[in-house]
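Counting from 13, one number per residue, gives the positions in the sequence shown under the working numbering.
Calculated from the structure, these hints are not laboratory results. Beta carbons: idealized from backbone N, C-alpha and C, even for Gly. Do not take every clue at face value.
[Said to hold, decoys possible] So the derived label-pair ranges between C-beta atoms look like this: (1) Gly320 with Gln242: 50 to 60 Å; (2) Gln242 with Ser134: 54 to 64 Å; (3) Glu341 with Gly209: 17 to 27 Å; (4) Pro277 with Ile324: 36 to 46 Å; (5) Ala78 with Asp238: 32 to 42 Å; (6) Ala15 with Thr120: 55 to 65 Å.
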Amino acid sequence: TLARMAVAALDDFRHWSDRYPGVSGFRTAGFLVLLGQGNTEQAKANVAMQTAEGANVEALFENDLARLVPGLRTDDVGVGAYEPDSGYADPWLTTSSLVDGARALGATVALQTKVHSIRIGSGGRVAGVETSQGSVDAPIVLNATGSWADRLSRPLGIPLPVTPQRESIVVFDLPPSIETLPIIADLVRLDYFRPDGNRRVLFGDEDHTQTSIHPALAEPEPGGSDSVSQSAVENAAEKLSHRLPAFGEASFGSSGYTGCYEVTPDFQPVIGGPAEIPGYWYAAGFSGHGFKLTPVVGRLIAEWAADGAPSIPLDLFHVSRFAEGRTIEPAHPYRTAHGLI
13 TLARMAVAAL DDFRHWSDRY PGVSGFRTAG FLVLLGQGNT EQAKANVAMQ
63 TAEGANVEAL FENDLARLVP GLRTDDVGVG AYEPDSGYAD PWLTTSSLVD
113 GARALGATVA LQTKVHSIRI GSGGRVAGVE TSQGSVDAPI VLNATGSWAD
163 RLSRPLGIPL PVTPQRESIV VFDLPPSIET LPIIADLVRL DYFRPDGNRR
213 VLFGDEDHTQ TSIHPALAEP EPGGSDSVSQ SAVENAAEKL SHRLPAFGEA
263 SFGSSGYTGC YEVTPDFQPV IGGPAEIPGY WYAAGFSGHG FKLTPVVGRL
313 IAEWAADGAP SIPLDLFHVS RFAEGRTIEP AHPYRTAHGL I
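Generate coordinates for the entire structure from the input sequences, incorporating the hints supplied.
If you want it as structure tokens, here you go:
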């Protein structure tokens, strides 16, 4: 299901201006996943599964990897998976485009407005929301508030196991000896990095055992300081220069920022509809891969609300899976990469 959603979302980003006002800033860069020894069969199985869903992806081995990314250290890599059509988009441009599109269709966008609660009316149906600017009546409410999703859902009797987790992004200058890079998810060392415009690289850590999770956070922001710690910079420098020794020449940690992932126990989203409360939908807990699915998730929930069912079934993501012991696990899991792919 996630593969189908990702393929559909990539198609949206690649043809953004044909479907939405403005631009998303999408740039094709290619996406390379690096896997440790003992993952070859899993990689082949996942490539076959994703290809069946329409993805353009292939397995790569040592010589292929060296040609694709000159200078890449591969002595601890068993296999890679490469998707040449993938890329990255600009979050500000993408959000602005979607806001402009919504306004053109008659939506009112309320900025700097805090939602205090979701209001239930007669018959147990959603009636609207209470905000810092007053009450808003609405027969349908979608709770897509990320790290705050449980705070709004739990009072309705539908707790969502969505927990904010600090995630630091460290920005590096691209070394002079490297002309360009694809997006790389290094599941050997549990990190990822990607180009960002001209001659910059963004680095993030995917070792969830090393990042702090805050079950209960004070208002107003679920992450504390937005600065990057020195230890985060040092960790990023060590990991990045391990995979690409040329980064020993780079300007490390020229800037950075810290925000939040919204994670669930199985690192997969919770998405649900109005079975419990008519008019109430939720979509949260995307655990770091929500932005790329944005247009598809929005479209699927709109179909669900308007037509009674989404064109891609979403039952898999219902929050009840945790109580029922059916958490989402990859069909062909990679070693050391629980919850990431």
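Hint numbers contradicted by this structure
Per hint list: 3, 4 and 6 violated.
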